[in-house]
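Q: Sequence:
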Amino acid sequence: MKNIDLFKDYENSRLVTAEEYSERCKDRTVPFKSIGDREIEGIPICVRRDCSGELQVTFIEDTHLLAIGATRSGKTTGYVIPTLNVFLNKKNKPSIVISDPKQELYRSSAGKFIDNGYKVLMLDFTNYTHSDGWNPLTKYYRLYQNYLNVENNVQIVKTKNGLRNKFCDRIYEDQAELDSAVKEVRESYLDEVEKGISAFCAMVISCTNTKDPFWDDSARDLLKAILYAMLEDSETGDITEETFSFDTVLRIFDTFTDSADNYDGGYFTSRSIESSAAHRLARKCIIEQASSTRRCISSEFASKMNKFRDTSVRRITGSNTFEMSELDEGKPTVIFVSYRDEESLHYEIISMFLSNLYTELIALAREKGGKLSRPFYFLLDEFGNLPKFNDFDKVISACAGRNIWFLLILQSYAQLYNIYGKEIAEIIKDNLNTHVFFGTNNPETKKEFSEECGKKTIVSPTSAMNGDGERIERFDKDTVPLVPVSALTKLTPGECIVTQMREDVLWSRFERSYTCPEFANGCSEPKERKQVIKSSNARYTYTYKEREETESRIAGMFRF
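Numbering (my numbering), first residue to last: 1 to 560.
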């Protein structure tokens, strides 16, 4: 008699083949040649040839995805390039930012993106003269100019009661009410500037010594003080939008001396302490410190800001050749981020750019009622080499509802644990609802992924004769991994294992790009990029000059 206890704790994870999955998802499986014929939502999870040799693509709904692929595992030719070719051929084309350490992706696909109607941008840290420009400080300059010019938005209009003031689409009968409304808007701009600069400075000069944060905190406050002073100087025209950059920050800092009596050469101290937030903050964080303390703070500041002395970084962050506010307008956009993977200094700047990008996209989605008009994918190869993104566990959760998606590629889970710590990394993994395994050399990652795939229970009937000659039936139960570690070590080129929320485990395929002539159709080599950044343009170069004592409208702006 069968023992019913055998079915207690019964494991029934199931593994489906690419063929089964495509058959099950007929409505989401499309011939590659027909992708542009109708709108298809989502990302590719299977790119394989059917029995007739036709290349078929199966999609899943948009989701955050984590791909695991060690060096030489074929993740570029077996995932990144096929995915890009699917995206650029879709009818409803998404926007994408792509990390491209070898410029392999730009060379192989930029021409195709252009041919398919994309606006192509590139941050090129290997050759800054051909790069687009991105100045992360411009936003705060513009917000401050909005603060300075709020009153200019007041209009005099003719009404049935005579001439009246109009502000923010409202007619004001009472001057006091108008003054209050103007003040409220001005304060909102100031609040945005303060919070934005504080958050950005925390990213530029992060706290690396939690036991003694004084030096990092003081260096960060010095950076804030310089930025506040630059905003104050925009009131007199000494700083323009073009010169409000990190290049100018460094030029100003380089004028400071070790003099006990004149550390800043009057840059801060010539300002009225009553009206200048820059003067007050600089006095607090460095000027009134002992000479030896000032030297240490200056040294810490110089060390943390050294990344902006790199010529490529200094030039790229010195101007803007595109507006982030326009990335969800008009043509779909692809941004290639090209860098030398041996230059660790560039990773910090790239991380800042990506953080700034998704922050701006979230704000843009909020303005548009909650989500972007088209999906925006962050396809980030070698994600494990990028520095930690602040609050990434919260950001990745917030992005999903705003049509912003992360497709991250790691060599192993160990990289994620090393950067974010075990607890935060687990939260990030939980928000990456789809995991794709191509191969890794890390035994713990293989073991962990095998466990993610689940287990299955094998029931084996056996029979024997007892001493009385009676037949005895037994059922032995054994629980084994659905995908054992040994299977993960033997995946052939093109094979991958996929785990998804609420789905069976998928033994999928992504045909290698070099085996797919379909990906070469219509291919055109990208034209050589013209010189974009004019490094010799005097408009972007700040010239320091001695200051005369002035008062600033920034007086009550910042709290510290």
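It should be emphasised that the hints constitute simulated quantities derived from the structure, not laboratory data.
Just so you know, not all the hints are guaranteed correct.
Derived Cβ-Cβ restraints for the label pairs, each shown as a range [what the hints assert, rightly or not]:
# : residue 1 : residue 2 : range
1 : 254       : 214       : 36 to 46 Å
2 : 369       : 157       : 45 to 55 Å
3 : 254       : 343       : 15 to 25 Å
4 : 530       : 331       : 40 to 50 Å
5 : 166       : 259       : 51 to 61 Å
6 : 295       : 42        : 21 to 31 Å
7 : 169       : 421       : 45 to 55 Å
8 : 421       : 188       : 30 to 40 Å
9 : 391       : 295       : 28 to 38 Å
Quantities reported herein were computed from a predicted structural model and do not represent experimental measurements.
For every residue, glycine included, the Cβ atom is placed at its ideal position computed from N, Cα and C.
Q: Now tell me, hint by hint, if it's right for this structure.
A: Okay, the hints, checked on the actual structure:
The hint said 36 to 46 Å for the Cβ distance between residue 254 and residue 214, and at roughly 24 Å that hint is violated. In this structure the supplied range 45 to 55 Å is violated for residue 369 paired with residue 157, their Cβ-Cβ distance being about 29 Å. Checking the proposed 15 to 25 Å range against residue 254 and residue 343 shows it holds: the Cβ atoms sit about 23 Å from each other. Look at residue 530 against residue 331: about 19 Å separates their beta carbons, and that is not inside 40 to 50 Å.
The supplied range of 51 to 61 Å is met by residue 166 and residue 259, whose beta-carbon atoms lie about 53 Å from each other. Checked against the hint of 21 to 31 Å, the pair residue 295 and residue 42 fails, with Cβ atoms roughly 57 Å apart. With their beta carbons about 48 Å apart, residue 169 and residue 421 fall inside the hinted range of 45 to 55 Å. Between residue 421 and residue 188 the Cβ separation comes to about 36 Å, which falls inside the hinted range of 30 to 40 Å.
For residue 391 and residue 295, the Cβ-Cβ distance of about 33 Å falls inside the hinted range of 28 to 38 Å, so the restraint holds.
The structure fails to meet hints 1, 2, 4, 6 from the earlier list, while all remaining hints are met.
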